[in-house]
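Taken in sequence, the protein lines are chains A and B.
Oh and the first sequence: position 700 is 700 in our numbering, straight run, nothing missing.
Numbering-wise, our numbering comes out as the position in the second sequence, counting from 1, plus 1000.
FYI, nobody ran anything at the bench for these hints, they're computed from the structure.
Treat the hints with caution; some may be incorrect.
With beta-carbon atoms standing in for the labels, derived distance ranges [as the list claims (entries may be wrong)]:
1) A:413 x B:1136: 16 to 22 Å
2) B:1064 x A:482: 55 to 61 Å
3) B:1071 x A:156: 38 to 44 Å
4) A:193 x B:1137: 49 to 55 Å
5) A:323 x B:1064: 51 to 57 Å
6) B:1090 x A:413: 26 to 32 Å
7) B:1064 x A:139: 40 to 46 Å
8) B:1078 x A:350: 47 to 53 Å
9) B:1137 x A:275: 37 to 43 Å
10) A:156 x B:1064: 29 to 35 Å
11) A:92 x B:1090: 37 to 43 Å
Subject to a maximum C-alpha distance of 30 Å in a straight line, what follows is the list of computed DSS-like cross-link-like pairs (lysine-lysine) [what the hints assert, rightly or not]:
12) A:423 x A:99
13) A:522 x B:1063
14) B:1219 x A:423
15) A:527 x B:1219
16) B:1063 x A:524
17) A:522 x B:1219
Where a beta carbon is used, it is the ideal one built from N, C-alpha and C, also for glycine.
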Amino acid sequence: MDPYLRRPRDVLLLLCAVSNVLHGCAGEIPPQATPGAGAGRVTLLPPIKPDGPQAYPEPAKDNLPVFTMDYPRIQIPFEITLWVLLASFAKIGFHVYNKITVWVPESCLLISIGLIVGAIMHSVNEEPPAVLTGNVFFLYMLPPIVLDSGYFMPTGPFFENIGTVLWFAVAGTLWNSVGIGMSLFAICQMEALGVQDINLQENLLFAAIISAVDPVAVLSVFEDASVNEQLYIVAFGECLFNDAVTVVLYNMFNFVAEMPAVEPADVFLGVARFFVVGLGGMAFGALFGFVAAFTTRFTSKVREIEPLFIFMYSYLAYLVAELFALSSIMAIVTCAVTMKYYVEENVSQRSCTTIRHVVKMLGSISETLIFFFLGVVTVTTEHEWNWGFILFTLLFAFLWRGLGVLLLTQIINPFRTIPFNLKDQFGLAYGGLRGAISFALAFTLPVNIGRKQLFVTATIAVIIFTVFLQGISIRPLIEYINVRRTNRNLDTINAEIHCRLMEHTIAGMEDVCGQWSRFYWKDKFMKFNSGILRRILIRDNRAESSIVALYKKLELQSAMEILDTLSGDVSAAPSLVYLQEEKKGPAKPKQKLLAADLRSMRDILAKNMYKIRQRTTSYTSKHALPNDSRTKEILIRRHSSIRRSLRPGSFQTTVVPKSHKYFSLPAGKNLDLNLPPVRHIHTDDHETMSESSFPARRPRFAPPSRSSSSRAGLPLRRLDTLEEVPSVDILDERRPRRGQSATRSSSVEPRRHADPTEKEKEDNADPPDDPTRNPLLRRPQWKPKK
Amino acid sequence: METVSRSRCRTSRYFPWLSSPLGALGVGTAREPKRITPVTIQCMDSNDTVSCEQIGVLHKRFKQLSHNEDTLRREHFNAIHDLAWNPIRAQIIEAFFDRRNLIPPGEGSMEEIHLEEFLVVMSHFKPPSLSMTDEERDSVRREKLRFLFNMHDTDNDGTITLEEYRHVVEELLSRSGHIGKETAVSIADAAMLEVAGISMGHMEPDEFYEGITFEHFLKLLNSFEIEAKMNVRFLNMNASTVCY
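Excised from the complex, chain B in its bound form (with noise of 0.2 Å):
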């Protein structure tokens, strides 16, 4: 009993959308004595943005891409194919790995992550629901952009340095083909000088502008609706579109 009990504080911790009053009353029913495969959880209602089926998709998914184990390592998502293509691959890949992502954030990285912590990470796109307060909004915003901000921040000291801008521009920016490099430093440059200005309004006369850091960033991006646009569809789909 003590397990299912274990199971349930991480579970409501890992997932927030499970601590919402429909949630609870979910995982209330989950029995599974053994480690938690959230799997068996009882949905929740459906109007609710994720779905037992939903995490059944995923489930599904995390068994096929660590074939059959219980845990993933990197080496699983670089044998992804379609990701191969992807210009900020090692970022993405990055993020499965990385502490500050999991529910209660946490430091460092990773090797290799359970269920739990790909769930938690594939959680930061979850889509809006339909009826949001504005700081329902907001907080989910202020999650979505400390995603991103983490993408960023690789040293993990809470401001993104030139260095770090400039890599993560260079990244975007290799697929691209005939772009050198110095335009990826120049438009970083350029982009810096332009956070410079947009936060400067803020900034004491003492101080120096020596990163973004996160409010910087939240100001930086602040017309830019991200609630709306980082969502991934799969939490909406269902198992037989999704799966191959």
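Excised from the complex, chain A in its bound form (with noise of 0.2 Å):
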């Protein structure tokens, strides 16, 4: 229902938009002021009544004006302003309506309203804003792009298939581009096309320029379907590194189709260059990724301008890259995976989210307009169409990629440990769809290039067709046949374990067989990080091995709970102290927390649990940040099982006999039976008080829709069951458990004062320190009774 009734407004946003740009701004202007939108200084005299009693306008020399305009002044930020405005209420208008999107890519869309505004402009003889220029693509557009996915890029699974990932980005590109590029030139020379002056330069141009892949559309098809991760991370590395082979090779061809005659010399010099601007970028981008994390190491006191160091960097690896004509794409995202780790562990929790949207928001923007802006231009610039040459590029286009691909993969597989199968192969040829660097690199050509708009046509045409048909039609067709697949939810501790337990063992047999693979690199490396690295990079440095991080963040989570049941509600506190001296006799004081202790350790809490989503979501779609509803799912059933752990003979209840009427909770039964029933004198008022606090504090942790409940049915089934049985049973149910986290937190409480690392090693000792509160050690409920 909601979105239909949202929906005309959104579209009334969307015109009101269109008709801002499209005639500066109207609204403010009485229409004899605007002779057109760049009619330079407008002034608009004070006494001006619409039905006045003056007959005529005072001579106005004189005046102070009282209301001027200058449009010109205003007129580029404002209108860029407007386009980007305009193209955000493009999105949201999309995303109101859920279904669309999943069939149908984000990029059709943009472009087709795109198309839509084009259409209404060029029915008006409105130009559109001459925004994208070459500068202006290369120097703003393009680095937030790229930053966006260098910064987001799951280094892991990248890192073990880098010589895929380059092989196909480097060796794809090149075939795509000398493929294309060659049956091009081919194919001009047949005198019916009527394009015999396209020479082979310009078509290798041509070439390089559309066979930039830019699979974003179906990187989110991959995740919804979640292919396997080997697919994926090509795909992704691909999109990500073609970016560069073709910018560079465009560049490169940019300069040779100017020449007048190429030598055999200059081949091989453009192959040396190739290797420098390469290689030279990402020494750029380490060198800034370094200092920008040696930098974040001294900003704990300026929080403000964190994030600021994050960008300033990584432009200034993009600028200084551009300044020496090295690959500017490489450096920004080499300098996004080197200062990332370092970086987000310096930074404050806030920071790190404020870097993380900034980057996303910028990206997303960026490319939002360059597709709508696609759109527009379609319909508003003049097309020079050649049917032959079109359709050949087409044909081209789809063939060298799908040969590539089938030849590449054969090349490739005997050095892969999991070779691609054919039905892998077909993804990936199927999912080379064209994109926003295309677009904008054709439409960027120097304007001495002869045929710049048969080219501009053949590039639209291309991704016009690529983006609609492929794009719409890939997600069925991964769906039907097919494709291997890969869980990627593995956040219990045991699958850590057991990952780091087959690590290791992987890598004892390497050394036994004596041989080196990634996991001896790996071992190298991450002794190398720790060591030295670490140990200049970052501020307060504890080598931490990945298990101990993984349970630490589902530990403090668990603690944070507990400490929102103490202070969001007031009324529980002093039941949880009566519950507390009561069993324990001598109880420690409870101590009012303070206000800044509280924040000081939600910060540590919250940024903990942001390095688990570092961790874990590495998968993120170009437009959406990192979804954390899978992480907090897995935190409420652990902080469930926590929280049972707790309370003394609660594993009884959850293991023993006993554990089965637990979960059903037949009425009538009492299954408190070692807890002294006093307790129900004294707190049975209490307890139904913070009994009331629970259901505001369930939908927070609601657990979200999910996709695997093998693994998370415990905590699900026993929310299920409490709401369904009697309400005296919750409360019988509920007591001990909030008894025993009241004993918890209290006896946590005095020692929150400390240093936070302190707090967090105790919270880790804990268990083990006191028998009595750990079922675990108590021998006899883990062995079988015999």
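Using the hints, build the complex out of the two chains.
What follows is the structure, given as structure tokens:
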């Protein structure tokens, strides 16, 4: 219901924005004052009244103008703002109705909206703003897109597949460019087409432009279908690096296209330049990445500007690489990858969030604008339509892509532990959509290329064809052919432990066989990293195994929730103290938590949670921030198990026969046989009050829609059953748990003023310290009863 | 002649891949009258995961490790320099001497191993083949998980008890620097709790959770694609690159 209701309003907003763009600020300026958008200085005279008594205007020169307008002065930023707004409204528009974006890629929708806007502009003879020039594109639009990809790159899988990724990105792009260029050149010799004046260099240039693959749409499909990791990462890496390759090729061919003749030596120089450009870019990127990481080591006092460093250093890397005509894309990607890990440990949690959001936002808006603009330009510019050339371009683009993937996989497969099968290859080949980069490159071709218009037209045709046809059909196809899938939800401690165990085992086996592979290098790098890099780049360096990290996060999350109960509902606090005093006799005095402590604790906790997120949700779509709902759900589950473990004898209730009753809660049975009945007297009213706060808390951790339910079944079932059974049972059931949580939290409280790291340690060390609290230490429960 | 047939039997028993139709063709041509050295086995089809060449590579390495003796003992493994840094070195070495990891699983551990046992242990790490049916995949999976399980289950009672689990976690973390023993213990505890939580659904009301059984272990690592991950590239490499 709701989406439908909201839709017209969005359309209205869109139209409003459109009209604003078209007519400048038609709403504000009286008609006679706007001869045109760029008409020079307009000054409105003060005493104008629509139907006042004055028949003639006063001479205005002497008076101080009360209301003036200077549109040309603000024209450019104003129009840019409106364009961005319009594009953003469009995005809101299609996310209102979710089903569209599932079946139709966002880029299709953006282009469509662009086409509509373009049509409107065309009908009123309005020129599109001249925003997209070469400089604007390369200096302002491209960096955010690439930074986005680089920053959110799933580092682990990427480095596992780096050979294949680079192979596809570099060799694949070269293959496509040369293949398409050559065959187009051959086609151009046919007289029937009438394009004999396009020489080889120009053909190659054009081919380089349209071989830039941009599988953003495909990536989101891959992700939804959770195709296997290898396929996903190769598609991802390809789109990341072939931008770099394409831009290098573009610059090279652009240069070559202006040369009268190409000599063999130039080819070798070109190859050499290719490597210099790529590796040089990487070197600058790594340099700036480390400098950025090092800088954030000292920003603890200036939290406000922390995120700025990240952006400035990345941009600086980009600009410096551009200055030396190196691959600026490689530079910014390397910079992002290098610094991310260290920076996110150094900066505060808020800065971390800010960085992520801003990176996403800038990248997404740049890309939106380019697609949108593509739609507009398609309608508003003059086209040179040549059926033959364009159809052949389409054909070759498709053909060479398919051939390339087939051939390149044959070459790379023997080197891969898990080779690509035919289905994977199909996914990879069919996912070769052309996108924003191609368009921007074509649009920024220098004017001295004779057939620029034809090239632009052909590029747009290829983009629209691939984005619409392949983009829409790839989802059903992928689902139909049933590509190998990977389950990526591995957030249990056991999975982590066994993953590590397996890696170490493999490394050991490799040592035994006397050969090195990535595990060997990973081990070596980890050693180097924790020994040297972390020490230099990270403020408070504590080496951490990933298992410990994961465990700690889960623990802290549960601590945080307990804290929530404590600070969240004041009514609960007294009852908790009662419970504790009752049980323990000499209880520690309850201390009021200071607001500052709470805040700093929350900061620690939240930041630590973030790290899980960073570790686990490496797969992000281009247009959405990592989704943390899954992590949260896991945390709930963990939390519930920890809470269970916290209460004495609780493990019994979950494991021993009682557990059965615990879950189904047959009416009338008292589960708390081991609890003193006196507690009912003391706590009844408090309990009800605190109980009432439970539902309020629940939505926060409401389990989101889950893909795999096998492992997460436990907490959910529990919640469900609890809601179904009579409320008396709920109270009976909940009491011990809350009581125990109180015990735990208040026993930890007095130490909370201490150093956070100490607190963490204590949190971790707590369970084994106190055997009564840790049911696991009571052996008999773990041993079979004989 | 008798020795030949006996060794053929043993070979196909120890090398499951040799029992594949393609492999069986290859084994038939083994002529060596003395103790079997799989290097001499005629190569199978190159599409299979283990080729003769790879066995040759491993044979070379075996000789190198054992200083040209016929058997490997623990001290040979202890002498491997690169292994010294591995936190679970002891378990890895023990896995080679564990009879449970042989193809007809035995009991107890050996003092020294021959090339066959060495290869059989190694064969747990062969990469999955491209065209595998679901059943094959499942059995490969079980086999690999069984290997890991055996590494945990040191006392061979079919369950991983809390102590055993703790021990492994401690070992895993022992190289990570500042992590104390308590952390390791509490992590193992939490992990155990998790196991109990996950495998709870299948528990009878009167059952106690005594430790992780293999079935629970399978269930626990249900989503963990071990068949795609636990493999070593050596079986696909050339001799020249492997041996130094």
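Now for the hints, and whether the structure bears them out:
1. A:413 x B:1136: 16 to 22 Å: Check passed, 20 Å falls within 16 to 22 Å.
2. B:1064 x A:482: 55 to 61 Å: 45 Å, violated
3. B:1071 x A:156: 38 to 44 Å: 39 Å, holds
4. A:193 x B:1137: 49 to 55 Å: 52 Å Cβ-Cβ, so the 49 to 55 Å window holds.
5. A:323 x B:1064: 51 to 57 Å: The hint (51 to 57 Å, Cβ to Cβ) holds, given that residue 323 of chain A and residue 1064 of chain B are roughly 53 Å apart.
6. B:1090 x A:413: 26 to 32 Å: 37 Å, violated
7. B:1064 x A:139: 40 to 46 Å: 58 Å, violated
8. B:1078 x A:350: 47 to 53 Å: 51 Å, holds
9. B:1137 x A:275: 37 to 43 Å: 41 Å, holds
10. A:156 x B:1064: 29 to 35 Å: 33 Å, holds
11. A:92 x B:1090: 37 to 43 Å: Given range 37 to 43 Å: violated, Cβ gap about 59 Å.
12. A:423 x A:99: Roughly 27 Å separates the two Cα atoms, so the pair holds.
13. A:522 x B:1063: Roughly 28 Å separates the two Cα atoms, so the pair holds.
14. B:1219 x A:423: 28 Å, holds
15. A:527 x B:1219: The hint is violated at about 33 Å.
16. B:1063 x A:524: Cα-Cα ~27 Å, so holds.
17. A:522 x B:1219: With a Cα-Cα distance of about 29 Å, the restraint between residue 522 of chain A and residue 1219 of chain B holds, given a limit of 30 Å.
Violated hints, listed in ascending order, are 2, 6, 7, 11, 15; each of the other numbered hints is respected by the structure.
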